[in-house]
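Under our numbering, the first residue of the sequence shown carries the number 24, and numbering increases by one thereafter.
Watch out, some of these pointers could steer you wrong.
Claimed, not checked - The calculated label-pair distances, taken between Cβ atoms and stated as ranges, are: (1) I104 with S37: 49 to 57 Å; (2) S150 with A41: 49 to 57 Å; (3) I40 with D188: 27 to 35 Å; (4) G38 with D190: 50 to 58 Å; (5) G134 with W196: 21 to 29 Å; (6) A41 with P158: 19 to 27 Å.
Read the hints as simulated data drawn from the structure, not as lab findings.
The model shown is predicted, which means the values in this text are computed figures rather than measured ones.
Don't be surprised by glycine CBs; every beta carbon is placed ideally from N, CA and C.
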Amino acid sequence: MSLLPFCEWLASTSGSIALHESLYMYPLIESAHVLTLCLFVGMTMVLDLRLTGLALRRIPVREVVERTQPWMFLGFAIMVITGVLLFYAIPVRSYQNIFFRLKVVFLVLAGLNALLFHTGIFQNASSWERDPAPPARARLAGVLSLALWAGVIVAGRMIAYNWFDCDKPQPRWVQIATGCSYEQRQEP
Numbered sequence: 024m025s026l027l028p029f030c031e032w033l034a035s036t037s038g039s040i041a042l043h044e045s046l047y048m049y050p051l052i053e054s055a056h057v058l059t060l061c062l063f064v065g066m067t068m069v070l071d072l073r074l075t076g077l078a079l080r081r082i083p084v085r086e087v088v089e090r091t092q093p094w095m096f097l098g099f100a101i102m103v104i105t106g107v108l109l110f111y112a113i114p115v116r117s118y119q120n121i122f123f124r125l126k127v128v129f130l131v132l133a134g135l136n137a138l139l140f141h142t143g144i145f146q147n148a149s150s151w152e153r154d155p156a157p158p159a160r161a162r163l164a165g166v167l168s169l170a171l172w173a174g175v176i177v178a179g180r181m182i183a184y185n186w187f188d189c190d191k192p193q194p195r196w197v198q199i200a201t202g203c204s205y206e207q208r209q210e211p
């Protein structure tokens, strides 16, 4: 099942066209997206570095969570809203972009990692939160978070490049990975 027809319909809506063609709104939304990504990932890195035992070793983990979480939630909420608007402005190009797809995979994995951390090892944080080096599972959650958010950032940045656009001749694996429609596929 392809989402391409839905993305094509979305791209034809007046709001999508207006946002994509806007001289000021699209760049402002994109800037807000990047700035709130910085806020969210910055706060996430503070927590992750504490979890890995590389920073803030004398501060209890729960205190780090309590101090960073409000900023993380604010950054995440605005980042998601602006991200949805960016997709809305160019849905077909986004959908058919390998790097967008990678970014979504990294986002889902980062979310699962956070969910597993908060519903798992963090539930018993009172027994280890003051340790300079948390348990292996907490350190692993921190390392995975750092790596996955780095992947989100790199993939997000690469979305801007059109190396694999459907209107260019591409190898078959690229056509499949990008979800190019049959009419758009061109064998090199």
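* **Cβ separation of I40 and D188, checked against the hinted range 27 to 35 Å** => violated, 19 Å
* To do: Using the beta carbons of S150 and A41, state whether their distance is inside 49 to 57 Å or not.
  => Distance hint for S150, A41 holds at roughly 54 Å.
* Asked: Does the Cβ pair A41, P158 satisfy 19 to 27 Å?
  -> Since A41 and P158 have Cβ atoms about 51 Å apart, the given range 19 to 27 Å is violated.
* Pairwise beta carbon distance, G38 to D190, judged against the given window 50 to 58 Å -> Taking Cβ atoms as reference, G38 and D190 lie about 24 Å apart, which means the hint is violated.
* To do: Take the C-beta atom of G134 and the C-beta atom of W196, compute their distance, and say whether it sits inside 21 to 29 Å.
  => holds, 27 Å
* Using the Cβ atoms, figure out if I104 sits within 49 to 57 Å of S37. => Given a distance of about 20 Å, which is not inside 49 to 57 Å, the answer is violated.
In summary, the numbered hints that this structure violates are 1, 3, 4, 6.
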